[in-house]
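If you use full-length UniProt numbering, the sequence shown closes out at 288, no skipped numbers anywhere.
Watch out, some of these pointers could steer you wrong.
[Stated by the list, open to error] Below, simulated EDC-like cross-link-like pairs (lysine to aspartate or glutamate); rule was C-alpha separation at most 16 Å, straight line:
1) K224 to E269
2) K224 to E192
3) K157 to E192
4) K193 to D181
5) K224 to D198
6) K224 to E197
7) K193 to E269
8) K157 to E120
9) K115 to E78
10) K157 to D187
No lab work stands behind these hints, which were simulated from the structure alone. Here the structure is a predicted model, which is why all the values come from computation and not from measurement.
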Amino acid sequence: MEEMAEAASVFAQVRPRLFGIAYRMLGSVADAEDLLQDVWLRWQTCDRSAVRNPGAFLATTTTRLAITASQTARVRHETYVGPWLPEPVDTSADPQLGAERAAALEVAVLFLLEKLPATERAAYVLREAFDYPYQQIADIVQTTEVNARQLVSRARKHLAAERRTPVEPAEQRRLLTAFVDAARSGDLATLEKLLAEDVVSYSDGGGAVRATRIPVVGAVTVAKYLRAFADRFWTDAEVRWSDVNGQPAAVVSHGGTVTAVLTVSASAEGIHRVFWQMNPAKLEAYAA
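When you get a sec, could you build the whole thing from the sequences and use the hints?
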C-alpha cells in the first residue's frame, strides 16, 4: 500500500508535464486525459524498482503512446466533417499544461503541427515546449541525436514557411477586439482593413452545428462572408474575453450557452488566420 502511494505521488508530481506533452501532440483534452490513464496503468504495473529516473520514464512512455495515438487520430481527421481544429484550453484559468514555456500551445501552431509526421511533431514539442536535450529526445523517439536535431529543424522550417512572425500580445488583443466589433456590425470596410490579403477562415463544427465546411480564403471573400451571417450569428450574442491556449480569445455565448471560441493569428500584415471553434464536443469545458 505504501509503495503504491509513493507511485501515485511520483506520478502526480510529473503529471502536468505529461499532460502538456499529450495535449500538444493530440490537440484534444479528452484524448490527452485518456492517454494519461494508460500511462498511469503502465506505471502501476511496471517494475518501478528498475526505473532510475521516473520523470524520464513517464515522459518517454507518454510521448511514445502519443505518437501512436496521433497517427490514429490523423486517420479520424481525414474523415472529419469540415476543418479539424484543436480543442481550446482556457489558460486564463491556469490549467495544468505543465509547460516551462508557452511554445507549441497556440491554436495556430497546434493546427500546423497536426500536419507533421508524428515523430517530427514529438521532437518539436519536447524541444520547444520543454527544452529537452537532443540526446534525450533521441532516446525518447528512438533515433540518433543527429536525426533528432533534423526532426526539430524540419518542424521549425515547416512552421516558419506556414506562419508569419506573430504580433505582440497587446496588438493581437487589439486586432481581435476590432475584428469582433466589425464582424458584429457587418462593417465590410473595417474587416477588409484588418484582414491580410491572403487570410483564411476555418470553422470547426464537427458536423454537429451549422458551420462552413471548407476554409474561406481572401480578405474580400472573408469580409463578405462575415457580413452575410452577421445578423444571424451575432444577434443576442454575448462576448467575454479570455486567454485560450496562451492567446487572447473571444468566447461567444447565446442564451448562456457557449457557441464559439474565436481566436486569430496576426502578423504585421494583419489577421491572416481566423479560427472558429464551434463543435459542442470541444466546448464542453466552457459549458461547465
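Legend entry - Violations among the numbered hints: 1, 3 and 10
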